[in-house]
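Trainee: Using the sequences plus the hints, can you model the full thing?
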Amino acid sequence: MVKDQEFLETKASYCLGLAKKLGATDSSVIVKNSISETVNFRNKKLDESNRSDDLGISITTYIGKKKSSISSSNLLNDNLNILIEKCIETTKNTPEDEFNSLPDRDLFAKEVKDLNLYDVTHIENNQKIDYLKKLEAAASNDKKIVNTESSFTQNKSNFVLANSEGFCDGYKTSSFTASSVTVAKDEKSMERDYEYSSKCFLKDLDDADELGKLAANQTIRKLSPKKIGSEKIAIIFDKRIAKGVLSTFANAISSSAISRGTSFLKDKVNQKIFSDKINVFDKPDMLKGLGSRNFDSEGVKTDTLKLVDHGILKHYLIDTYNGKKLNLKSNGRCGGTSNLYFENGNISFKDLLNSNSKSLYITETIGHGSNIVTGDYSVGATGFLIENGEFKYPINEITIAGNFKDMFQNITLANDLEFKYATNSPTMLIEGMVVAGK
Amino acid sequence: MSNFFEKSDLSRKEAESIISDTLQKCDDGELYLENSKSESILLDDNKIKNSSYNSDLGFGFRAISDEVVAYSHSNEISKNSLKQSSENLKSTLKSVKGTYNHEIAKSNKKYYDNINPIEQKSLNEKIKILNDVNDYLRSKGDKVKQVTANFLGEQKSVEIIRSGGETLSDVRPLVRFNVSVMVEKDGRKETGVYGVGGRQSYDSYLKDENWKSVCDEALRIASVNLESKPAPAGEMKVVLGPGWPAILIHEAVGHGLEGDFNRKKTSAFHNLMGQKVASEGVTIIDDGTIDNRRGSLTIDDEGTPTEKTVLIENGILKNFMQDRLNARLMKARSTGSGRRENYRHIVLPRMRNTMMLSGKQTQEEMIKAVDKGIFAVSFGGGQVDITSGKFVFNCTEAYEIVNGKIGSPIKGATLIGDGPSILKEVSMVGNDMMMDPGIGTCGKAGQGVPVGVAQPSILINKMTVGGTKL
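Residue numbers (my numbering), protein chains in the order written: chain A, 50 to 487; chain B, 635 to 1104.
Each hint should be verified, as a subset may be incorrect.
Each computed SDA-like pair below joins lysine to any residue, with the alpha-carbon atoms no more than 25 Å apart [to be verified]:
#	chain 1	residue 1	chain 2	residue 2
1	A	Lys276	B	Gln1017
2	A	Lys276	B	Pro864
3	A	Lys135	B	Met1068
4	B	Lys1103	B	Asn1065
5	B	Lys898	A	Lys135
No lab work stands behind these hints: they were computed from the structure.
Mentor: Put into structure tokens, the structure is as follows:
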């Protein structure tokens, strides 16, 4: 069983008390417990089981404008005494920073809504095994599939965040995740792909059979890929890649990148950075949302933000420290976004495929090719050539490149948004990118 | 060394008996105990932004029967907790009928000293160096707009207790010092990053104001990039500089030669043992035994002493990298490559210091041999798709080559290639092998471990450069 609120609160208040006694003018603490149980299958047989029980604490102490932090997985009071003493000592020796402080008192979350993030259901390993058997049977049905690796994880977590301003709250969350990675082979090639489902509630998880079939089909269609020539071409990002564009956007509007001047979106608030039709939301209070939260990692309340309104940037993602530096109030985004998504566009997936006589449909990118300082983007990619709305043949060993400043202005979205991850996008068309191949 | 049972209600003897009882009739397994202390001190935007200290303690208990691995870990080293883990392992491995393999290689060699780098330098000294770095770089002119510098230090004590009570232990220091600088000219911003590190004290890397050379290198890269033009797009010849660009070797062939992917036949190399996979003159080794290097280990995370493993010798595939599990199932021997990020993770076969050895040519000869291509000097990160063999890495410093001469710097671009065929496209191997500066972290299955790379300059006949200029 994951540790209860009382245990976590007792540890938290012990730390706050000791920090105060040792000379901290302010302090904050997070205590967390997370228990995961995973079963892995390979080629229809049990391959691995893994149980992890993680307990962790992190404490930040302030002496005036000086700040330092410690973290540990050992919650015995003996150890906490030593660490907090060390933390206070380090704080004393760390230079002052005028922007260091806890959040303003009026910004703390006051009511904690039940967002339906915890499922009490416990799934035993033999039930996980049943699910995986079904999944792997479906995944390995086609004889082109030569290897399957599937996994089922149940996670239950609980945490308490407390600080010397009197904030003390936390709640349990759960997740159930199933995934399948398949390898397909023909005379010319060997390819890998996957499918995945993650939900707060067990009953919402995708059907094992469907998940397995999807994984297999997505892999088999990649076989015998071709390489194409270098050219300027319309790119369509599958939803699982399109969400990455949104993540880069979120990184570029984080108040730390803005205050340090290391973002291509600095000073762009109230300017048009996307095409007219684009709206971006960050909505923390979605029921059962994979990114849902009641408050951010400093305890600041989080409201829904319309980050982009008809192409115009409206907000940065602001935490306390960088907010003070930028002279802006925290909007509860310490630790990043919650449920971040592009609003649906107004054309169907089919029409999106048809909007150019020739385009590239990208299902996977590799490499770390997003530079938020310059906005430059260049990654390796795998996908399909689309002609007149039809998938023609698989493509690999190409790169796609552009600059986000231009890419954002040339986005068209389909109307097929679904909430599969914490960050989600409909299928995305971007005109004018460069593909390098032969 | 840590005494893991000092403050526990669990005695070493009791632990040994639970281990032996649990692993009875299993083929392999062990209790892995770990105590790590780490620090991070960060200067950013003219201020000390963060000073933090982490102390982590826990165990991971593993039982293996045939191909099945059962694993359980916890932060609490107690009788109750170990018993619970034992029950969990037994419930996975319901009917075991193996014979425990007691055999494990022994060595007295050590590749780093038993030190705690965090305690060897006071916080005030570290803060002073970071402030000096900031002042030094900002004194280099108005174009310097942002400076970030940090220290990362760690001491990790590990102990491995095997069935029957055999105990192996290691204390591993690790430090890293990093500088990142952003420059701006005419509204254009570029960054340069450089760092040094390994398994020694901070002072081994920073003495005699050596930190200045780290700053100079970061600033030089940033300044070069200010003048960069859009990179070309398409297939062309590529000359790689020595040292860190060897992450190409790491991505292109290293991962594909790890035992697990080959046992599962999901690596593009699984059926190529003994065959020619690289041009003549190409020899690649993976070496855990180089003193004080970031990727070196006295013993791996299963207790096997590390070694120098020849992967490719003069173009021929000779060995895979193995941990105990994959070695047993492939009827090979462990190469001391069993590694894990920490006690939360299972062991996987991983790289240590992966190196392509020197050949005979010079870098000048390579540049001269290229009509149209690029010269790549430094990289950010890389990634590989093991199954298709396609890999990428991102240039952070590169130049165009026109008619045998180095031309203008070009913008960061991704290079993409095919692992199993790229080494056959190597047409010249330089005489200038160099180790990387000690900054690499390799990710696999969600686990990051410190690694090293090395190579001489090489000329590759054909790679796809992912620029924007057609």
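Trainee: Decide, hint by hint, whether the structure agrees.
Mentor: Each hint, compared with the structure:
1. For the given pair, lysine 276/A sits about 19 Å from glutamine 1017/B by alpha-carbon distance, which is consistent with the 25 Å threshold.
2. Of the supplied pair hints, the one linking lysine 276/A and proline 864/B holds, its CA atoms being roughly 23 Å apart against a limit of 25 Å.
3. At roughly 40 Å between alpha-carbon atoms, lysine 135/A and methionine 1068/B are farther apart than 25 Å, so this suggested pair is violated.
4. At most 25 Å may separate the alpha-carbon atoms for a hinted pair to count; lysine 1103/B and asparagine 1065/B exceed this at roughly 33 Å.
5. Proposed proximity of lysine 898/B and lysine 135/A is contradicted: the alpha carbons are some 48 Å apart, above 25 Å.
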